[in-house]
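Peer 1: So the sequence lines, in the order shown, correspond to chains A and B. First residue of the first sequence? That's 1 in my numbering, and the numbers climb one at a time after it. First residue of the second sequence? That's 1001 in my numbering, and the numbers climb one at a time after it.
No false leads were mixed into what you were given.
Covered, in the sense of this in silico footprint (three residues per stretch, anywhere, with C-beta under 8 Å from a C-beta of chain B), are these stretches of chain A:
1) 130-137
2) 209-221
3) 244-250
4) 258-266
Here are the simulated lysine-lysine pairs, DSS-like style, with alpha carbons at most 27 Å apart:
5) A:172 / A:113
6) B:1123 / A:18
7) A:83 / A:56
8) A:13 / B:1123
9) A:172 / A:13
10) B:1226 / B:1123
Honestly, the hints are just simulated from the structure, not real lab data. Remember, it's a predicted structure, so these values are computed and weren't measured experimentally. The beta carbon of each residue, even a glycine, is placed where N, CA and C say it ideally should be.
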Amino acid sequence: MSYLAVVRSILRKSRDNKTIVVCSSILLLIAAVALIGPLLSPHHYADTDFDQPFAKPSISNWHVFGTDGLGRDLFVRILLGVKVTLFVAIIASGVSLGIGVAYGAIAGYVGGKVDGVMMRAVDALYAMPFIFFVILLMVVFERNFLLIFVAIGAINWLDMARIVRGQTLSLKRREFVDAARLIGVSTPGIILRHITPNLFGVVVVYMTLTIPQAILVESFLSFLGLGVQAPQTSLGALVNDSVSNMERAPWLLLITAAVLAVILLCFNFLGDGLREVVDPRKKT
Amino acid sequence: MLRYALLRIFGAIPTMLLVIALAFLMVHAAPGGPFDAARVLPPEIEKNIAAAYHLDESLPRQFLRYLNGLLHGDLGPSYRYRGQNVSKLIGDALPVSLQIGVLALIIANVAGIAAGIAAALRKNTFLDRLVTGVAMAGISVPVFVVAPLMVLIFAVYLGWLPASWTGGTAITRLILPVMALALPQIAYIARLMRASMIDTLNSEYVRTARAQGLKTRSIVRYHALKPAMLPLLSYMGPATAGVLTGSVVIEQVFSIPGIGQSFINGALSRDYTLVMGIVIFYAALVILLNLVVDLLYGVLDPRIRTR
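Starting from the given sequences, assemble the full structure and let the hints guide the process.
Peer 2: Dropping the structure here:
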C-alpha cells in the first residue's frame, strides 16, 4: 500500500467514529483560531497597558479573556502560547518519529544480534529519567527553541522504536517482502519502500499520542522558567504567570488551564480513537 | 534465578555509568567556567580556585576523581553555596521529599487499583465510563495545573487546608501536595489495572472457575487479582520517575524545601555540580527501582527467568 492509500483508509474508517470527529474538529478549530485570531484582535501579545492590569474579561475593550499583571491581553497571549506549544510539540514529535521509525525498522528488519544489541540499548535508556537531562541541558547551554525540540524529541523516540520494531518483525515475514527480496531489492530499499509505508498507520496513531506528551514536557519546562522566554510565551509559561497572580486574578489561571487541558484531552482521546480504528484488537 | 538476577544487576551498571558520563560531559561542555564573574580576578586567584576544585586537571582525571567520590557517596562541592557539599545538600532535603513521594505512591496504588478493578468488573456501565473519563482527565491535565487549582479551591476559597508548607500542621500541610502528586499516577494505575483485569477475567482459567460456580468476588480475590497486578509492577519504575518529575513542580508550588526545589534553584542559579548531583541521584533511584522491579518480576513470574 502507498502512503496515500493508508491515509485514505484511516480517514474513511474514522468518519464513523464520534470521538475522532469531535476531537479533531476541536483541535482544528483551536489551531485555526490561534493562526487567525491575533489578526482580528486590536491588541498585540507584547503590548502592555499599565492602566488596566488584571482587567476582568469583557467585550467592551476587546479584552475577552481579561489582562495579566502588565495589562497584556490574555486572549492574544493564549493564542500565541497555543501556537508556540503546538509548534514545539509537532516538531518534537517529528524528531522522535524520525529517530524511532528508523531505529525500530532497522532493528526489526535486520534482526539477530543487531536487533538484540539495539533493543538492549533501548531498555537501558528506558531506565533513565530523561527529563532531568533535558533540564541539565537547559541549564548548561543557552536556552533556545531548537534545543527544546531536540531534547523533547530525544525523550519520546523510545516507545516509537519499540512499537515499530514489533510491527516490522511481523511485516518482514509477509510474502510481498519475500517477493521484493527475490527480485533483488536491497535491504535499505525494502525498508524504505515496503516496510515503512505499511508502518504508517501505527506510526500515525503513536504520533497523535506523542504530541500531548511533548506538550507536557514543553509546558513543564516553561512552567519552571526553563523553556520559552518572555515576551514569547507558551501555555506552560502562561500557567506559571497566572499561578503567581491566582489570588488577585483567578480567571487567568482558570482560562489558561482550561485551554491546555482541552488540547491535551483532545489529543489523547484522538490517539485512543485512532488506535481503535487502525488496530481493532486493541479496543478496550 | 541466580543467573537471571546477576544478568539484571550487571545490566544496570552500564546504564548508571552512561548516566554519570552523560551528566559529567554535559556540565563540562558548558560554555564558560562556573566562576566567570563580572569582575576580572587576578590570574593567581583564578589559578587557586581552579586548583581547589581540580579544574586544572585533565578531563579523564576529573571524571575518575568524580567517580571515586561517587563510590564514597561524595558528589563534590557545590559551586554556589560555598563550603557546602552536594551530598549534604541532597541529604538535608531528602526526608521531606521522601515523605511526600512515598505517601503519594502508596495512595496512587491503593486508589488506582481499587478504581481499576471496580471499572473492570462493571465494564461498559456508567461507573466504568466515569472511571475511564476521570482517568483520561488525570493523565491529560498536568500536575502544574492541578496543584494550583487545588490551592485555589481548598486553600484560597474554602480555606480548609494551608496553601504552602509553612502554614498548617505537620499533617494538614501534607494533604494537598500528596494528593496533587498522586492524582496523575492514580489515573495511570487505574487505566492499567482496568485493562489488565479485563484481560484476566477473559482468560480461560477464570472461565473454568466461573463454570465451577465460584462467585465473582472469590474469583477476583483468589484467582484474578494476582496475575492482573503483574503489569502494575513494571509500571512502578515509570511511576517513580513520574513522582520525581512531579515533585519538582509540587515543591515549587507549595514552597516545600525538598530536593526538587534545590534542583530548580540550582538550575536557575547555574549551580552545575548541584544540578548534576541531583540528576545522578534521581537517575540512580529510578534505575535501582527498575532493577528491583525486574528482580521481583523474576520471582513472581517464573516464565520471565528462562527468556
